Amino acid sequence: MSIHIVARLVARPDSIEALRPLLLGMLEPTRQEAGCIRYELINNKADAAEFLFVEEWASQEAINAHMETPHLKGLVVNSAPLLAEPLDVRFYTPC
1 MSIHIVARLV ARPDSIEALR PLLLGMLEPT RQEAGCIRYE LINNKADAAE FLFVEEWASQ
61 EAINAHMETP HLKGLVVNSA PLLAEPLDVR FYTPC
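Numbering-wise (the UniProt record's numbering), the sequence shown opens with residue 1 and increments by one.
Source of the hints: derived by calculation from the structure; they are not laboratory data. Keep in mind the model is a prediction, meaning the values are calculated, not measured. Glycine included, each C-beta is placed from N, C-alpha and C at the ideal position. Don't take each hint at face value.
To be verified - Label-pair restraints from in silico Cβ distances:
1) Val54 x Val76: 14 to 22 Å
2) Ala46 x Lys73: 25 to 33 Å
3) Thr93 x Ile42: 19 to 27 Å
4) Glu85 x Glu17: 17 to 25 Å
5) Glu17 x Tyr92: 24 to 32 Å
6) Glu17 x Gln60: 32 to 40 Å
7) Pro21 x Lys45: 17 to 25 Å
8) Ala34 x Val54: 13 to 21 Å
9) Lys45 x Glu68: 28 to 36 Å
10) Ala48 x Pro81: 14 to 22 Å
11) Arg12 x Ile37: 29 to 37 Å
12) Glu68 x Ile37: 17 to 25 Å
13) Ser2 x Pro70: 18 to 26 Å
14) Cys95 x Ile42: 19 to 27 Å
Make a model of the complete structure from these sequences and hints.
So this is what it looks like as structure tokens:
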């Protein structure tokens with residue numbers, strides 16, 4: 001059974017345009033990872049500072065491998081000073 005992740009990032013108002021390219025840079029390398037079924041970045045139409053990664057992974061092992069990639073580790077470090085609140089990551093399974 002696949003695992004779904006919704007990761008919410010909220011930029012500081014003065015950092016929206018600095019954060020956006022960091023997030024967009026995650027798409028292609030992550031989509032190439034083994035076990036990645038879906039990896040999308042969406043932006044709240046009512047609040048430009050709010051971004052969501054909507055993900056689907058084949059297994060917990062694939063998620064664990066993703067968590068160790070240089071591009072994800074780099075995003076965590078580089079995005080931290082641009083965020084208005086802590087990164088919120090939630091895990092879901094189909095009903």
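Task: Numbers of the earlier hints that this structure fails to satisfy, in rising order - done: none
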